[in-house]
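Asks: Chain by chain, the residues:
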Amino acid sequence: MTQPRQMDPGALLQVDDLSVRFRSDAGVVSALNGVSFAVRSGETVALVGESGSGKSVTSLAIMRLTPSPPGCQVGGHVWLRGTDGVPLDLLALPSEAMRKVRGDRIAMIFQEPMTSLNPVLTIGEQIAEAIAVHRGTARASAWDAAGDLLELVGIPEPRARLATYPHHLSGGMRQRVMIAIALSCDPALLIADEPTTALDVTVQAQILDLLRRLQKRTGMAVIFITHNLGVVAEIADRVMVMYAGRIVEQAAMRTLFQAPRMPYTVKLMHSVPRLQIGGERVVLEAIPGSVPDPTNLPPGCAFAPRCSHAAEGRCDAVSPALEEVGAGHFVRCVRWREIADGVGR
Amino acid sequence: MRPIRRKLQLVFQDPFASLNPRMTVGRIIAAPLIIHEPRMGQAERAERVAEMLQMVGLLPGHAGRFPHEFSGGQRQRIGIARALLLRPDFLVADEPVSALDVSIQAQIVNLLLDLRARFSLAMLFISHDLAVVGHLCDKVAVMYLGRMVESAPTIELFSNPRHPYTEALFSAAPDPDPDARRSRIILSGDIPSPINPPSGCVFRTRCRYALPACAGEIPPLRHVAPDHQSACIRDDLTLQPAM
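Line order of the protein sequences matches chains A and B. If you're matching positions, the first sequence starts at 1 in our numbering and goes up one per residue. If you're matching positions, the second sequence starts at 346 in our numbering and goes up one per residue.
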């Protein structure tokens, strides 16, 4: 058993140099390349990025839900503070102990509420199962607790709904059921992987509001995975921007929106149209090209081929380190100083 | 109908499902020509395809490749090339950017704007993303449960919404500006089942301004200003604009 490295005393979860590689017919896919971050109790951290940037793989690796070797190799460390305050090395935990962590200390909700519930079990059974497994509660009282949870997540007539099946419910209601299951064991950390992407705009607002209220009430930490910058502005305390399996910028939410330093973050913000009245119709600043092939990442900065600031011989030579720009603000760009001073272009 | 279809074309939401994986890109894009201009020679057809590929930002050499060799954004460009090959007058774009990554969405929106101007296309743009709608469209019609509840020129609709559902939609859209503090209207409940819609106004079950009278008749879409129609009986409301 590895000795726990110094874990940040305020951290609930600490990820150190996490890397994930998949073996595929096309070669080795470097899905995550040395991702490090910490999450404190009660805070909401948003993981933002496009498809293939590694946000979902990060959450799966934390939960140890990636495929087993040799198809998939996971490296690095994931420390989670246990109920007794002692750090657990999740990647080294025996699978039996890990199963106790999943759903109990760390819970997860997924993008597709339609496919994450079991269609042949009533929602009451699905919520009660989590409670019975982790708490050893008798079926009858677990069923009662399930009713309370449905009430907590705002489902009308909660006790009557326990006996219904997922197909009786709308997408928004199913996501509420997923949240109820996730909250059933009072987790210290909730990982929400694009929980509102499949929902209508008005229902999305309901679910975000619900998550915010529940977090205030339970004090859990939330890792919120999304590609929607609007949702980030709405819910996050801190933001980590991912690109090609790396964190390329990390900052407090307001700092990130007001003074983004990584060219990718800046471009991403400019490429999203704002909801506004009239004004001249500006051409959206699209980012040219597309996300690099993960089996064949460029040698230097992975964003360099699409970056208007890229300097030959520097950006395409070595992969930039994560540099501290300000308090708690980190960026992975060799030219951030020049760009900030306005000589970048 | 078939001769009229060459004037009406469609771009689909899912660029992965709307291209035949067994056909080359050249064959996919040429399909409208094969159907509508069967007498056209192969060389001319290839030329038209090459020209169209360039117009949507791809290379003529891409004609020989298969859809799986392209990314989502590139596939959407192929779908657009196919739709525009016959120079239609009217293009229906059914959520053409919803399935794409954020950084790619802007590329496709810009491409559609450019092609619309170049071919003086009329476009019906179907979307749930109000920011994109505001960016791209001249007029907007808002639908709810199978009915049009409001319609107006974009600027008029965004600055002076007259239907409570439109107001709620604006309010629910997450804004990528943490300082844009607005009072948020959170609608309760879900969209009702279309099998058994509520009586009267279909939105009344979630509307914070609903009156008993809303359960009576289905409110007709009527003019509330020149060029601005709304299906709500409450003329006394002052609703929050988009921003």
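Think of the hints as simulated: they come from the structure by calculation, not from any bench. Misleading hints may appear alongside valid ones.
[Unchecked claim] Label-pair restraints from in silico Cβ distances:
#1 B/GLU396 - A/VAL282: 25 to 35 angstroms
#2 A/PRO67 - B/GLU562: 56 to 66 angstroms
#3 A/VAL283 - B/ASP522: 11 to 21 angstroms
#4 A/PRO70 - B/GLY534: 45 to 55 angstroms
Keep in mind it's a predicted model, so treat the numbers as computed, not measured. From the three backbone atoms N, C-alpha and C, an ideal C-beta is built for every residue, glycine too.
Asks: Each hint should be assessed against the structure and marked as holding or not.
Replies: Consistency of the hints with the structure:
Range check, B/GLU396 to A/VAL282: about 29 angstroms between beta-carbon atoms, so the 25 to 35 angstroms window is met. A C-beta distance of roughly 58 angstroms is found between A/PRO67 and B/GLU562, which places it inside the suggested range of 56 to 66 angstroms. As the Cβ distance of A/VAL283 to B/ASP522 is approximately 20 angstroms, the hint placing it in 11 to 21 angstroms holds. Checked against the hint of 45 to 55 angstroms, the C-beta distance between A/PRO70 and B/GLY534 comes to roughly 50 angstroms, which is consistent with it.
Hint violations for this structure: none, all hints satisfied.
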